[in-house]
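Asks: Turn these sequences into a full structure, and let the hints steer you where they fit.
As you go down the protein sequences, you meet chains E and Y in turn. The first sequence lines up with residues 1 to 317 when you count with the working numbering. The second sequence lines up with residues 318 to 611 when you count with the working numbering.
This list has only true hints and no planted wrong ones.
Below, a sample of chain Y positions facing chain E; criterion: calculated Cβ distance under 7 Å:
id : residue
1  : Asp366
2  : Ala369
3  : Arg373
4  : Ile376
5  : Ala377
6  : Arg380
7  : Gly445
8  : Leu446
9  : Glu448
10 : Arg449
11 : Arg451
12 : Ser452
13 : Leu453
14 : Met455
Calculated from the structure, these hints are not laboratory results. Virtual Cβ for every residue (Gly too), placed ideally from N, Cα, C.
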Amino acid sequence: MENAAIVASGLVKRFGDVPALDGIDLAVPPGTVFGLLGPNGAGKTTTVRILTTILRPDAGEARVLGHDVVADPEAVRNSIGLAGQYAAVDENLTGAENLRLVGKLTHLPRPLIRERAAELLERFDLSAAANRPVKTYSGGMRRRLDLAASLVHRPPVLFLDEPTTGLDPRSRSDLWAVIEDLVAEGTTVLLTTQYLEEADRLADQLAVVDHGRIIAQGTPGELKAGLGSTVIEIGMPGEGSALMALQALVPLGVMPPTLDGTTVKLTVADGPSVLLDALRALDTEGIAPTGVTLREPSLDDVFLSLTGHAAVEESAA
Amino acid sequence: MTSTTTWTTGRPADSGDQKSPTPGAPVPPAPKGHRLAGLKDRLYWGVSDALAVTQRNLIAYTRIPEMMVFSSIQPIMFVLLFRYVLGGAIHPVGYTYVGYLMPGIFVQTVCFGAMSTGIGLAEDLGKGLVERFRSLPMARSAVLAGRTTADLCRNVFVVLLMTVVGVAVGFRSGTGFFSFMAGVFILLAFAYALSWGSALIGLSARNAETAQAMAFPLLFPLTFASSAFAPVSSMPGWLQAFVRNQPVTVVIDACRHLMVVGPQPGSTWKALAWIVGMLAVFGPLAVRKYRRIA
Chain E
1 MENAAIVASG LVKRFGDVPA LDGIDLAVPP GTVFGLLGPN GAGKTTTVRI
51 LTTILRPDAG EARVLGHDVV ADPEAVRNSI GLAGQYAAVD ENLTGAENLR
101 LVGKLTHLPR PLIRERAAEL LERFDLSAAA NRPVKTYSGG MRRRLDLAAS
151 LVHRPPVLFL DEPTTGLDPR SRSDLWAVIE DLVAEGTTVL LTTQYLEEAD
201 RLADQLAVVD HGRIIAQGTP GELKAGLGST VIEIGMPGEG SALMALQALV
251 PLGVMPPTLD GTTVKLTVAD GPSVLLDALR ALDTEGIAPT GVTLREPSLD
301 DVFLSLTGHA AVEESAA
Chain Y
318 MTSTTTWTTG RPADSGDQKS PTPGAPVPPA PKGHRLAGLK DRLYWGVSDA
368 LAVTQRNLIA YTRIPEMMVF SSIQPIMFVL LFRYVLGGAI HPVGYTYVGY
418 LMPGIFVQTV CFGAMSTGIG LAEDLGKGLV ERFRSLPMAR SAVLAGRTTA
468 DLCRNVFVVL LMTVVGVAVG FRSGTGFFSF MAGVFILLAF AYALSWGSAL
518 IGLSARNAET AQAMAFPLLF PLTFASSAFA PVSSMPGWLQ AFVRNQPVTV
568 VIDACRHLMV VGPQPGSTWK ALAWIVGMLA VFGPLAVRKY RRIA
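Replies: Pasting the structure below:
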């Protein structure tokens with residue numbers, strides 16, 4: 001893609017003998033949100049660190065707004081903001097001091113620094129805490145300050161590395177709204193996440209990463225159409241009836257139903273109406289379920305269907 | 318609770334301030350010239366960034382005053398211990414004991430103070446601050462330069478404090494103001510060189526506890542197996558060879574001459590040579606380590 005804001009092709013990185021990235025290709029059009037979805041250790045953070053010039057790739061190349069991350073890192077750094085899961089702000093400084101420090105280090109004109117810091121504190125509802133040391137902040141406040149710090153120099157491209165990991169649901173949805181505002185204003189965002197819900201809400205394009213490779217890519221809608229947007233779980237009284245139910249439900253799902261103990265799991269596109277069909281089918285067979293659950297697919301479901309292994313890695317290494 | 322008001326709706330209220338640009342809107346970054354501009358601009362931003370980081374580190378020191386207080390109490394206790402408890406039994410030739418002791422205390426204090434450089438860097442690494450700095454268009458050198466400069470400022474304060482303590486327990490410079498200040502210069506230069514060694518340790522350790530644990534066994538023999546508290550001639554022969562030639566003794570001797578009994582060019586030059594040598598070794602190694610940290 002010629003005019004993409006972020007492009008990477010064939011990114012490879014190893015740490016010692018361990019391959020962290022094994023050929024990552026991606027392209028993010030300007031003004032859109034690109035989500036990298038995957039479990040811990042999949043290579044999401046390594047990808048972000050290469051794109052933000054913190055790490056050099058062993059092979060492959062990447063450009064941000066046309067600037068090569070290896071050949072011209074300074075031009076890249078001028079156009080990007082990075083906010084991370086570590087909430088990298090100085091605990092001993094106040095919120096305002098943290099933002100002013102970033103203002104100085106991004107070489108904003110001096111008179112603008114104070115103004116910009118105040119404006120961001122206001123926007124992120126931190127004005128009241130502006131002159132308190134960050135160590136007195138709550139987790140959600142720190143994350144907001146971290147995001148604010150990445151915006152001081154108005155970067156047109158923003159990297160968010162698991163921006164809401166560890167936050168309570170309220171802080172999470174607050175942060176999502178802020179990110180949506182930034183995108184509405186034209187910012188290009190690359191975000192990594194472990195949460196399908198987050199990727200679904202924010203991302204225009206999604207890539208699922210596993211073991212340093214992109215194993216699936218598309219819009220959230222496309223991915224979900226492939227995976228089914230709803231998971232139906234039907235608990236059966238015993239193994240015999242569970243097997244019978246498995247047989248009876250084969251025609252209904254996007255992919256074959258699976259069995260977990262005495263629970264049959266069915267991934268479907270249209271939950272409620274398929275649920276009716278499923279119950280009718282079971283009724284015809286004369287078998288009665290002990291429990292029925294209808295839920296959104298989790299990252300685990302996505303991984304299971306794409307890779308055949310669970311997102312949370314088993315003990316084997 | 319401050320977080321109950323909604324900031325999620327985004328934009329601040331339009332309070333007649335139409336000129337203010339929309340927050341977060343992508344605007345070309347402010348500095349346009351400095352990337353391709355000449356050495357002069359690079360130097361300007363290098364110094365400006367280092368000062369910004371220095372200021373940040375100094376503010377942090379003022380936010381944890383208990384650390385400054387406790388790190389000052391220890392050398393003061395050493396002064397009192399040796400001046401009034403142990404010192405009566407030690408008789409250095411050509412010095413009153415307090416005159417002998419204080420230069421040793423000065424050097425010991427800056428040696429242990431140097432640990433804070435490594436500890437601070439290890440903390441910044443562990444907390445992800447270095448990561449953020451590396452993603453900003455700031456001078457690469459600023460993190461190390463800013464940390465060591467802040468610790469130099471801190472040492473100026475520490476030396477001043479210890480001088481006051483010394484005067485209070487009867488220390489008098491016998492060489493005049495300028496010679497005394499030359500001694501202070503040697504002391505601070507040595508502290509600065511040690512900071513770079515400490516930086517190397519901190520960057521290798523990657524967390525504050527490990528940095529402290531690594532630095533202590535190096536500093537302890539250097540400061541105590543030195544001429545700081547007792548004359549070298551009172552030690553066994555095998556130890557004397559080490560004590561006489563290690564940098565802490567060399568710097569203490571130079572300070573003693575400059576501050577108490579009168580300068581001797583030989584000891585001053587030897588101390589300067591150690592300082593330059595340490596900077597020449599630790600500086601590039603620390604910079605290399607910083608660049609390679611993944």
